Every structure is written in C-alpha cells, then in structure tokens.
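**Q** Sequence:
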Amino acid sequence: MADLLERSTHILEPHEFDNLLYVRKVLETGRLADVEEAIRPIDYETDRVISVGASIGTKLVSVASLERDIQYPTSFEMSKVATLLMYRRMGFGEMTVRRLILEAKERGAERIMLNSRLGNAQRLYSRVGFEPVGEAFICNQGIYNQRMKLEVE
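Heads up: the sequence shown begins at 84 in this note's numbering, then just goes up one per residue.
It should be emphasised that the hints constitute simulated quantities derived from the structure, not laboratory data. There's no promise every hint is true.
[Said to hold, decoys possible] Cut-off 25 angstroms, straight-line C-alpha distance, at most; resulting in silico cross-link-like pairs (DSS-like, lysine-lysine):
1) Lys-188 <-> Lys-232
2) Lys-163 <-> Lys-188
3) Lys-142 <-> Lys-232
4) Lys-142 <-> Lys-163
On a predicted model such as this, the values are computed, not experimentally measured, just so you know.
Construct the entire structure; sequences and hints are all you get.
**A** Have a look at this one:
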C-alpha cells in the first residue's frame with residue numbers, strides 16, 4: 084500500500100502551485116471558493132508544512148496540506164483537502180490523505196487533527212482512521228463541521 088501511495092501521490096513542488104491554487108478553489112459542493120480562500124499563500128514542504136497532490140499525467144486532481152503545531156511538535160493539523168469535481172469518488176482524495184498520514188508518521192506525528200464537513204468528507208476521514216471529537220459545529224460559512232482526530236501508530 085505504501086508503495087502505491089508513493090507512486091500515485093507526490094510532495095508538491097513550486098512549479099505546481101498554479102495547479103494547487105486551481106484545485107483549492109473547489110469545495111465539496113463543486114463551487115469555487117471565495118477569492119480570499121483561493122489566493123491565500125501556497126504552502127509547500129518546509130519544517131512545519133507539507134502539501135501533497137495526486138495527479139493524472141501532469142494534471143493535479145487532488146491536494147491536501149499538513150502543518151505541524153508550533154507548541155506541540157508531535158501534533159499536526161490536516162487542511163485544504165480538495166479534489167476536482169470530476170475526479171471525486173475515484174479514490175484520489177483518500178490516496179492524498181493516506182500519503183499525508185504516512186508523511187506525518189515519518190516526521191514523528193503522534194496525533195493528526197482536522198475539521199471535516201459532515202457527509203462524504205467525514206466518511207472518507209473515518210475510513211482512514213479518524214474519529215469524531217465532540218459535537219458537530221457550524222463554521223463561519225454556516226456549514227456543519229466535525230472536529231476529528233487520528234492517533235498515529
């Protein structure tokens with residue numbers, strides 16, 4: 084499984100950031116994100132942040148980022164997970180998330196946290212081992228979210 088993930092996904096390089104911006108515009112509903120979300124600075128591999136993408140040929144179809152917590156270096160936050168609408172339900176999102184989990188483990192992670200929309204996204208995270216924390220809540224866009232965590236083994 085790890086070999087397949089490494090061949091199917093990759094750590095993003097600076098020349099891929101235009102594609103990353105495009106993919107990040109896509110929300111779970113298939114609508115474009117607001118401009119602030121779409122043009123926020125791009126993360127890339129640093130000591131604290133890593134972004135991973137899944138591609139078909141040269142087309143980036145799914146992305147996700149992971150950031151190390153400054154105060155708790157064994158804790159990470161997963162965010163900015165997005166898959167282009169026409170490539171959903173094909174396993175690209177799951178491959179990207181699984182690759183980030185492997186990357187976090189290699190970097191000494193003990194825990195990964197995230198906020199998930201209810202529905203398909205939450206089911207994806209549950210499939211890879213995340214568990215709900217507390218009650219669902221409404222985020223500032225009026226969408227129900229669930230805080231989730233994964234204890235890394």
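**Q** For each hint, tell me whether it holds in the structure or not.
**A** Verification of the hints:
1. Using a Cα cut-off of 25 angstroms, the hinted pair Lys-188 and Lys-232 holds, with the two alpha carbons roughly 14 angstroms apart.
2. Taking the CA atoms of Lys-163 and Lys-188, the gap is about 19 angstroms. The hint holds against a cut of 25 angstroms.
3. The suggested pairing of Lys-142 with Lys-232 is violated, with an alpha-carbon distance near 30 angstroms, which exceeds 25 angstroms.
4. Between Lys-142 and Lys-163 the alpha-carbon distance is near 18 angstroms, which keeps this suggested pair within the 25 angstroms criterion.
When held up to the earlier numbered hints, the structure conflicts with hint 3 and nothing else.
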